[in-house]
Amino acid sequence: MSIELTPKLVLEAALLVAQEPLAMPALRQLFADELGSKEIASLLAELENDWAGRGVELVQLASGWRFRSRAVLQPYLDRLSLERAPRYSRAVMETLAIIAYRQPVTRGDIEEVRGVAVSSAIIQSLKERGWIDVVGHKDVPGRPELLATNKRFLDDLGLQALSELPPLSELSALVEPEAAGTDGV
Amino acid sequence: MSIELTPKLVLEAALLVAQEPLAMPALRQLFADELGSKEIASLLAELENDWAGRGVELVQLASGWRFRSRAVLQPYLDRLSLERAPRYSRAVMETLAIIAYRQPVTRGDIEEVRGVAVSSAIIQSLKERGWIDVVGHKDVPGRPELLATNKRFLDDLGLQALSELPPLSELSALVEPEAAGTDGV
Amino acid sequence: MSDVDAVGLPLAHVLGEPVHQLPADLYIPPDALRVLLESFEGPLDLLLYLIRRQNLDILDIPLASVTRQYMQYVDAMQSSRLELAAEYLLMAAVLIEIKSRLLLPKHEEYPDDGPDFEADDPRAELVRRLLEYEQIKQAAYALSQQPLVGRDFEFVAVLFEREMVLRLPEVGAADLRTAWQAILARARRNQHHQITPESLSVREQMSAILRVLQDGRPHEFTVLFDPVAGIPLLVVTFLAVLELVKEECIVVSQEDGFLPIYVRLVSASRSGGANEH
Numbered sequence: 000m001s002i003e004l005t006p007k008l009v010l011e012a013a014l015l016v017a018q019e020p021l022a023m024p025a026l027r028q029l030f031a032d033e034l035g036s037k038e039i040a041s042l043l044a045e046l047e048n049d050w051a052g053r054g055v056e057l058v059q060l061a062s063g064w065r066f067r068s069r070a071v072l073q074p075y076l077d078r079l080s081l082e083r084a085p086r087y088s089r090a091v092m093e094t095l096a097i098i099a100y101r102q103p104v105t106r107g108d109i110e111e112v113r114g115v116a117v118s119s120a121i122i123q124s125l126k127e128r129g130w131i132d133v134v135g136h137k138d139v140p141g142r143p144e145l146l147a148t149n150k151r152f153l154d155d156l157g158l159q160a161l162s163e164l165p166p167l168s169e170l171s172a173l174v175e176p177e178a179a180g181t182d183g184v
Numbered sequence: 000m001s002i003e004l005t006p007k008l009v010l011e012a013a014l015l016v017a018q019e020p021l022a023m024p025a026l027r028q029l030f031a032d033e034l035g036s037k038e039i040a041s042l043l044a045e046l047e048n049d050w051a052g053r054g055v056e057l058v059q060l061a062s063g064w065r066f067r068s069r070a071v072l073q074p075y076l077d078r079l080s081l082e083r084a085p086r087y088s089r090a091v092m093e094t095l096a097i098i099a100y101r102q103p104v105t106r107g108d109i110e111e112v113r114g115v116a117v118s119s120a121i122i123q124s125l126k127e128r129g130w131i132d133v134v135g136h137k138d139v140p141g142r143p144e145l146l147a148t149n150k151r152f153l154d155d156l157g158l159q160a161l162s163e164l165p166p167l168s169e170l171s172a173l174v175e176p177e178a179a180g181t182d183g184v
Numbered sequence: 000m001s002d003v004d005a006v007g008l009p010l011a012h013v014l015g016e017p018v019h020q021l022p023a024d025l026y027i028p029p030d031a032l033r034v035l036l037e038s039f040e041g042p043l044d045l046l047l048y049l050i051r052r053q054n055l056d057i058l059d060i061p062l063a064s065v066t067r068q069y070m071q072y073v074d075a076m077q078s079s080r081l082e083l084a085a086e087y088l089l090m091a092a093v094l095i096e097i098k099s100r101l102l103l104p105k106h107e108e109y110p111d112d113g114p115d116f117e118a119d120d121p122r123a124e125l126v127r128r129l130l131e132y133e134q135i136k137q138a139a140y141a142l143s144q145q146p147l148v149g150r151d152f153e154f155v156a157v158l159f160e161r162e163m164v165l166r167l168p169e170v171g172a173a174d175l176r177t178a179w180q181a182i183l184a185r186a187r188r189n190q191h192h193q194i195t196p197e198s199l200s201v202r203e204q205m206s207a208i209l210r211v212l213q214d215g216r217p218h219e220f221t222v223l224f225d226p227v228a229g230i231p232l233l234v235v236t237f238l239a240v241l242e243l244v245k246e247e248c249i250v251v252s253q254e255d256g257f258l259p260i261y262v263r264l265v266s267a268s269r270s271g272g273a274n275e276h
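These protein sequence lines map, in sequence, to chains P, A and B.
Following numbering that gives the first Met the number 0, the numbering of the first sequence begins with 0 at its first residue and continues without gaps.
Following numbering that gives the first Met the number 0, the numbering of the second sequence begins with 0 at its first residue and continues without gaps.
Following numbering that gives the first Met the number 0, the numbering of the third sequence begins with 0 at its first residue and continues without gaps.
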């Protein structure tokens, strides 16, 4: 069936499928900057209103907007044992993968491989998790930290050595080399 | 604010929150068996209808009911760089096709059809993706694993049953050269 | 040539660009050959290509010309000293065997393409395999066109917030694999980045050496090496030292010939005032 792609409909669907809260920059990106923050904010207010009285509500959290089930439904939802295992975002997982496979690396090295800036929050969360350490500093301007994974990381992943990680050479054969034109990055 | 906890509202919230498709037994459990399958089915039909024309639709998959975004929205959602599934190479897709259409098969069966060795990395990545399982062992020397696709594979492809896979081409359709006539070399 | 690849799959990807037609000329420069070979999924795929390319009826393969072409590819692989996949050589043997059996006198009473084709023609088994492979190739393509979660749609993921016990995300080796696959896939789309597999053990040793040197003091070169760890690890450790010097993370110094060699962190040599390179 054909549906009319209004901005509100797009915004609602994006918020429903996102696994993390979406902040204003992400929401602007959703509309390729064709919608201003003000318009988006007023759509968010409309959505908030549309969902009032439903089992799920649109809420603004510290890191952005997200749909969330209402507390009154908890007794029902508890019966389904729906507890979602928390997940690291793609940015965190890719950063961790690069540190694991390419160590020791600087933040700059990670940014070069990922092609985007790496926020300090990501590095910080991996340090707090106790999986990565600073093992030195690179002798270039700014003397950036050299990051490496440690024993705790291996322990937590159930590995004895880094060599037990899936080999990279095999991985490249699994990925479609196709340059998909429609695939916005 | 207070909301009225109607069965439909509870059902909708549960389906929005669930991280996997919910089948009838789970849905009955949601209502502590106070609602019969028939009533639930009619509520599901109502919900399906309520969501027609929105960016998200309620669909029935192999392992139950689940909300998902419509394909027309994907160009927008891609801009959010949500966690993206890797695109698999031809080798992986051919292996998957053999497992899907010929199951249960051993690795040897796959190699026989493809005419080349199948790397463990390919099998491993399909297992990790959660699409194939070992369903037994063949009673021949080496007792090779018998591989088959599972419900998750169907869910991820939006299918209810293997019979919904694209049909295999008829062998007779393959023998005729596309542009018949120029037979000479 | 529109029938070269009936299902429209690109034959190869050169620098990310799909290639739908191969050059008519059978000569392939050795560099291109590797790319070409990687674009075929195996000997059956290559053979199917050769047959389709000539617009031949698969039931009536002119073995002589197809075998000749196939052997040209195999020869090219050998002359450029590529590690020739055993499967390609095996197929060459099969082709030659079929050809030689075709040369033997036939039973006159059965025409070539008559009802007993299957039973009599030595090509029958090859044809069966080719057709079966073609069928799967098309099925694989159809499967890859099927709507797929994460590519064509997303599942809804509304938050269910329970009492806030801090639960840390679980991560497994497979998740790292997936993350790396995503990086690779993106890099291939963007072309600017070269992501090559690198020897993990050297990188691992580099981290280990940096950890030893963490206290900032110079350490004797020899303490970095554990003689009982075996020769491979000694070599890897040495490579790691060289790599760290190259990346300007450590300094290796020796006062004079035959005196002990010292290794220390670059940062330590900085703050200590001495900065030998």
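Fair warning: there could be bad hints in the mix.
[As the list claims (entries may be wrong)] Here are the computed lysine to any residue pairs in the SDA-like style, where the Cα-Cα straight-line distance is at most 20 Å: (1) Lys7/P <-> Gln73/A; (2) Lys150/A <-> Val65/B; (3) Lys98/B <-> Val65/B; (4) Lys150/A <-> Gly149/B; (5) Lys126/A <-> Leu167/P; (6) Lys7/A <-> Arg67/P; (7) Lys245/B <-> Pro143/P; (8) Lys126/P <-> Val126/B.
[Claimed, not checked] Short, incomplete list of chain P residues facing chain A, as computed with Cβ under 10 Å: (9) Glu3; (10) Leu4; (11) Ala12; (12) Leu26; (13) Gln28; (14) Ala51; (15) Val55; (16) Val58; (17) Arg67; (18) Arg69; (19) Tyr75; (20) Gly157; (21) Leu158; (22) Ala160; (23) Leu164; (24) Pro165.
Honestly, the hints are just simulated from the structure, not real lab data.
The C-beta atom is built at its ideal place from N, Cα and C for all residues, glycine as well.
Chain A contact restraint for Arg69/P - C-beta distance below 10 Å: 7 Å, holds
Hint validity - Val55/P Cβ closer than 10 Å to any chain A Cβ: 5 Å, holds
Chain A contact restraint for Ala12/P - C-beta distance below 10 Å: The hint holds - Ala12/P has a Cβ within 10 Å of chain A, the shortest such distance being about 3 Å.
Interface hint outcome for Leu164/P [beta carbon to chain A under 10 Å]: Since the shortest Cβ distance to chain A is 12 Å, the answer is violated.
Interface restraint verdict for Leu4/P against chain A (beta-carbon cut-off 10 Å): 7 Å, holds
Pair hint Lys98/B and Val65/B, alpha-carbon separation not exceeding 20 Å: Status holds; Cα separation ~10 Å.
Restraint check for Lys150/A with Val65/B, where alpha carbons must lie at most 20 Å apart: Violated, at about 43 Å.
Chain A contact restraint on Ala51/P - CB to CB distance below 10 Å: 7 Å, holds
Restraint outcome when Leu26/P is required to lie within 10 Å of chain A by C-beta distance: Holds. Min distance 9 Å.
Interface hint status, Gln28/P versus chain A (Cβ within 10 Å): Gln28/P check passes; min Cβ-Cβ to chain A is 5 Å, inside 10 Å.
Agreement of hint Tyr75/P with chain A interface, Cβ distance less than 10 Å: 5 Å, holds
Pair hint Lys126/A and Leu167/P, alpha-carbon separation not exceeding 20 Å: With a Cα-Cα distance of about 17 Å, the restraint between Lys126/A and Leu167/P holds, given a limit of 20 Å.
Going through the hint list in order, the structure does not satisfy hints 2, 8, 16, 20, 21, 22 and 23.
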